[in-house]
Amino acid sequence: MQRCFILSAALLISLVSRTAGADLSTLWTERIKCAVAVEYVATTEMERHTTIAYGTVIDSSGTIALPSAAIDLRIPPSQLKDFRVYRPNDPEGTPAEYLGRDALTGWHFVRAAASVRSLLVPVTAFTGAGAPREAGLAEDVWGIALRNKEEEFAPYIMQSHVALIEDLPQRTAIAQQEVAGPGLPVFDRDGRFLGLGASSFGQTYLQFSNVDRGGTPVMLVNVEESSAFVTAAEVLPYLGRIPHNAFGRPLAWLGAYGLEPMDREVGTFLKLNSQSGAVVSEVLEGSPAERAGLKPRDIILAVDGKPLPRFRPERIVVDYIDRLIAARAPGDAMALSVLRGVNRQEIKVVLAEEPELVREAPRRYFDRIGLGVRQFVYGDAAARRVATNDQSGVVAYLVKPNGPADVAGLRTDDWIKEIDGAEVRTFEAASAKLASIEAELLRSEVVVLVSRGGDTAVLRIKLH
Amino acid sequence: MSHGFDRLLDSVVRIDVREVTFDEGTRRFDASVGSGVILSDDGLVLTNAHVAGPRAIEVNITLSSLERVEAKLAGWDHWTDLALLKINMEEVRRRHLRFQHAEFGESERLFVGETVYAVGTPEGLTRTVTRGIISNNNRYFEDTAGVDGYETGGFNTWLQTDAAINPGNSGGPLVTEDGRVVGITSRGYLGANNLGFAIPSATARRIVDGLARTGSIERSYIGIVPGALQDLEHFYSLASNTGMLIDNVEAASPAAIAGLRGGDILLSIDGHPVDGRFDEQLPAIQNLIASQPIGRTLQLQYMRGGRVALASVATERLESRIGEEGVLDGWGIGVRKISRAFARKSRLPDDNGVIVIGVQPGFPADVAGLSRGDIITKINQRPIGSLELLKTAQAAYTAKPGPTLLEVQRDRHVSFIVLKP
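Same order as they appear, the protein sequences are chains A and B.
Residue numbers for the first sequence follow the working numbering, so the first one is 1 and each next one is one higher.
Residue numbers for the second sequence follow the working numbering, so the first one is 1 and each next one is one higher.
These aren't lab readings, by the way, just hints derived from the structure by calculation.
Note that the coordinates shown come from a computational prediction; the quantities given were computed from them, not determined experimentally.
Backbone N, C-alpha and C fix where the C-beta goes; we use that ideal spot for every residue, glycine too.
Among the clues, some could well be false.
[Unchecked claim] Coverage of chain B stretches by chain A, computed from C-beta distances (three or more under 8 Å per stretch; other residues unrestricted):
(1) 45-58
(2) 75-86
(3) 256-265
(4) 333-341
(5) 400-410
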């Protein structure tokens, strides 16, 4: 009911403003000032890898929101370096700072240096008055895309019509063709902000071979342009979620592992009719979910008394629940209605702070051994199905190709439990031990006990 | 050639096997050819476990007279890749067929360079004799999936020969000039020249006795995976030829329960010192443990971090990772029961359930979204404790098709699916 009202109000405003008859080239010139390209370097001990993503300016302090896919979450923030912001047609760029990622929106935030801020215009300048506007079906929409670095990020316009609007679970408008670069804004014909280009919505093409007729075609995906955008109502209320630290802490944590959507047929079988649901695969040890009494194979049917909505495809219900958690803070309550066997149960969970993540784990690289190790974190124990109070040892995050550790058979993600026959309980202990081994120049070998896939092996690392 | 060799030739047979497989979600039949050697006048034939096994539904034996008779599987041991067949003697008598039986030689006495002959049916060429020498009489290799997916090689070393070994030689004898069987030819390196391997007669003799008596070999298991100590003695401050490295202790195994873990050095078993300096010595140690009565408590002396300790470990029956297999025609899936060893290895809470090993496109299981590798743990909310239970459920479904609820696990993710007619 409320949505209808917003829609009709929005239509009214657009009718009014259309009479003003803004010229597209004027709108374009103003609006490209909120689009930027962001370059950064992911550095490891072995290599530097430069990536370019697109983002939208969200405030007058030069803050830029980048889509979730712009930065690989497995890279620890300490390894993300040399951020630069490029305005359209700007070959030079300006240094910028990485602020972190927000768990709810998935956006990464970057702040451009003060020198360039006056040249940037936040997208909020184009939202107009009243509620965020949602595009109508078949509406003519346009957006901004940027060419690559060699072409000095020349901006170009993309235009299309809205073909479909779906909850995925964020409300997303899908256009007939590409409509903007992923992370760049989309507007209506009056220049009002409609949303941000979504990632992984590029058009796909099949390329058939002339030579190998009947062979398997190659699938090509347009990753630089997107044919869908997350609507303004999913963007504007969240622009203030700039993280206070690179890890985006605090992070709310439930501890229900492997949520799987409940199949519609299963709902019918269990006499739940059109009810949507999510099956809990495992309940992690020591988690808020475990404390509250959630059990593996419970089917979550409602959160805070509200039945889970039905999505197409069904698996989106999992993202929906994840977002309900991410929108809260540690210490917040969450009431779950679950089906256990044939009984309904009400479970009240108090969310906690998420345990240390892999990307937060302290790490250190030892060049003479060709091995980088990091702290063994909660997620490592969960992944290996070992008790969390059994946490000891370190994890190999980097094994230098053809280095001593590699030759000895060590692999990335191996869990190192003993060094030189003695158990290493903490990262600090392991790190100190490896450092002292590396410092002994006459030493010819180090013996480690590693665990991989639940099996252990004693490996001899020959030092040169 | 010797009289013994002529007699041997009359004891070597061709084996034609038809077996059933379930890995496409339906019954499929495969035909293969191997070799074997007759061991007794009452028609016991020794061959490889990978020539004829529990999946065989029809076994035919071609005698040296080129007459063909039926046989049945009488015993099977994939750990040593040996199987025992029994010729249908009634048929032999009715048709007045004749055959000879071979004698075992002593594989321990073989010397490297000694001339040996491989007799068998390479590529279907019946009664082919090839000649070579013993290239190595103590070769070690273990293979976790060497016999049609089953584990092999942990309890014996192998004879290596350069006598030409080709597919179809499998199960045939490796013999000395006097026609005595010193090995059972079992495998060769593909793409290599004349690197063939045979199970020594010393091992085969022992296994044949067991198989003839009970059809299978019982072994004890404690769950330690050995490693050679070579070059590590200094690190562990050990005298040479002392102890065996424990590379891994399998999760939830008796050794794990007794507190042993990877990196420990096993020093003695029930007071008998252990020497596992070289890989070639490991099968004998494995055998020592395996040959203990099931349920017996062993005293293992081991060293950890320079300190010597004692652990009491109660043995249990050795099991394969591969459980019983079957097909559920109506649903279009081939399944394999979760074995205790598989459940432990995969850290499953128990051994309830079956793994889907094949899915037939378009059948109810496929339509419902099941795929290969999925583990079905419950049917209509009942745990699947045996393959029988699942087959009964399927029979009920076939008689009166109706929605059936399955609980499925895929990469630790649990979901429910409904099979519909």
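Here is what the structure says about each hint:
no., hint, in the structure
1, 45-58, "violated (count 0)"
2, 75-86, "violated (count 0)"
3, 256-265, "holds (count 3)"
4, 333-341, "violated (count 0)"
5, 400-410, "holds (count 4)"
Checked against the numbered hints given earlier, this structure breaks hints 1, 2, 4; the rest are met.
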